[in-house]
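Novice: Chains as they are written, first to last, in the working numbering: chain D, 63 to 222; chain X, -7 to 166; chain Y, 5 to 200.
Treat the hints as calculated values from the structure; they're not laboratory data. Every value quoted in this text rests on a predicted model; they were computed, and no experiment measured them. Among these hints, one or two may not hold up.
To be verified - Pulled a few chain X residues facing chain Y out of the computed Cβ check, cut under 8 angstroms:
no. : residue
1   : D112
2   : R118
3   : L130
4   : L133
5   : R142
6   : D144
7   : Q148
8   : E155
What the hints assert, rightly or not - Straight-line alpha carbon distances no greater than 25 angstroms define the calculated SDA-like cross-link-like pairs of lysine to any residue that follow:
no. : chain 1 : residue 1 : chain 2 : residue 2
9   : Y       : K117      : X       : D135
10  : Y       : K71       : D       : E102
11  : Y       : K71       : D       : T197
12  : Y       : K117      : Y       : P93
13  : Y       : K71       : D       : D201
14  : Y       : K117      : D       : T193
15  : D       : K114      : D       : A143
16  : Y       : K117      : D       : F190
17  : D       : K114      : D       : S93
18  : Y       : K117      : D       : T197
19  : Y       : K117      : Y       : S53
20  : Y       : K117      : Y       : R94
21  : Y       : K71       : D       : S93
22  : Y       : K117      : Y       : A60
23  : Y       : K117      : Y       : E135
24  : Y       : K117      : X       : D138
25  : Y       : K117      : Y       : E85
26  : Y       : K117      : D       : G195
27  : D       : K126      : D       : E102
28  : D       : K85       : D       : P96
29  : Y       : K117      : Y       : A56
30  : Y       : K71       : D       : V205
31  : Y       : K117      : D       : G194
32  : Y       : K117      : D       : D115
33  : Y       : K71       : D       : R105
34  : Y       : K117      : X       : A128
35  : Y       : K71       : Y       : E115
36  : Y       : K117      : D       : S93
37  : D       : K126      : D       : S144
C-beta atoms are modelled at their ideal positions from N, C-alpha and C, and glycine is treated no differently.
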Amino acid sequence: MPDRPETPDPDAPPSEEELARAKELRDALESSAPAGGGAELARALSAAWSPKDLSAEARRALVKRALAAPTLQRRRRVMRASFAAGALVAIAAGAALVFGIGRAPQPMPAADAYVSTRSTQPLFSGPFPRTGGETARVDRIAVARAADLRENEFARWGVR
Amino acid sequence: MRSAMEGLVIDSRCVVCGLVLALSMCGGGRPEPPVAPANAPATEAAPAPASPGSTRRAPAMAPLEVPGSKAVAPAPAPAAAPPSEVSEADTVPNSREAQRTAARDELIRAERSLDASASDCAGACRALSSMARAIAHLCALVDSPDDQRRCDGATQRLAAARERVRQSCGACPP
Amino acid sequence: MNRWRWMLVRWCVLLAATTALLELAACRAEKGTVSGCPSATAGGAVDESVMAFLSAARSLHHEADVKDRSGDRAGAVASLERLVAMPGPRATEVDEVLADAYGRLAEMRLETKDWAGADRDVQAGLEHAREPTYFRGHLLEVSGLIEEARAAALADGGDRDEATRARAHAVDLFERAAGVQEQVIERALGDGGARD
């Protein structure tokens, strides 16, 4: 039968080293000073099992730290500034588009020369009859504007 | 919460200002000569060069226009000539081309002016005949001294308008 | 409310406003088009929508002619009613054709002694001719004719008071019609009017 590693005897009295580490842990649990390793875990377990009131000193320290950190205010300020800047950019963009700022002067291609809508009166060279004549008038208007539409289509296609 | 509301109000103010600015400019904050106004109110401003008889073009259009019902394509500008032609041509043909273009522009302007005058006169004659009809009916309904006074006043105005049209346009067609 | 929700609302407001601004600016930049801008005025390019309206108006006027010639006055009126009920694009031509069509409709109703209907047509036509134009003057003239005919009918019926009122109204309308046409002449001849 092979030899097994020896396990420590649980009933054996604590060694000097164990006693020293136990004292360190006890001190760390009673103190609020920062501690490393298993002390933090032990503190957390202890606080969960039987929480204690914060000491006045600890409370003051927390309040002081919270007031000293302006993160919330700063975030609000940043948000407000970003909204204001966004609105200003939007206005500026609109104004730029309206006034054509930054737009290079474009050459005027023939395709842009659309015939616009306008009064039909120049189509008629004489007085209108007292009554009637509407059909003849609309005939003339439709024929004339059909020609205008053709012009615009040609301009749009760039074939004029 | 409160600060969020304030922020929203501030943002909204900025946005409303922007909207008002944009609307004022979009809604005709400045005059737009190339756009044909509804029912030809342009005659109020500059009847001679932009008469109701002239063909108006949409914005950003070449200044050359020919009046009348049918829109005529603007005369091609010299810049529209193909680059190859420009490069191979010497200065003399260029000058001739410029002269030809200038002469054609002049002719178009003269035609436009003539047609605008004719169109203005046709419109004036049409209005004059309608005015005469209305006043004839008005005077036919005279039933009191006040009616008579109105008839007399309207008749005087008609005579003045008729004289004005005659001086400007000559005789109106029947 | 949750702070983040408020922030979301604010961003939405900003986004909507930015979009509106850009669209309005685009409207301003592209006034040549007929539709789209809330403040678009007449003067856009002659396009298919304008032509479609004019074509339909032409057809309906001819249809009214055919029906009228065959003695179907009600049918002719119905054709013109279809015309004026058509949705039309914003264009000067459309307004002028509508004003003219309303004038014709009013005169047809005047012949059938439908005073109220004729007056409605005139009022509707005037909505399409707000500026001093021939069409506005003509519609006022037709309105005067309606009141004149109504006054005569009332007098024949023995209602002298109402007849007097209708006649006075007719005088007003004829005077207004003359005034509008006088303005049209002034505008047409304007400062460059004297060309002799």
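Novice: Any of the earlier hints contradicted here, and which numbers?
Specialist: When the structure is compared with the hints, numbers 6, 7, 8, 10, 12, 15, 19, 20, 21, 22, 23, 24, 29, 32, 33, 36 and 37 turn out to be violated.
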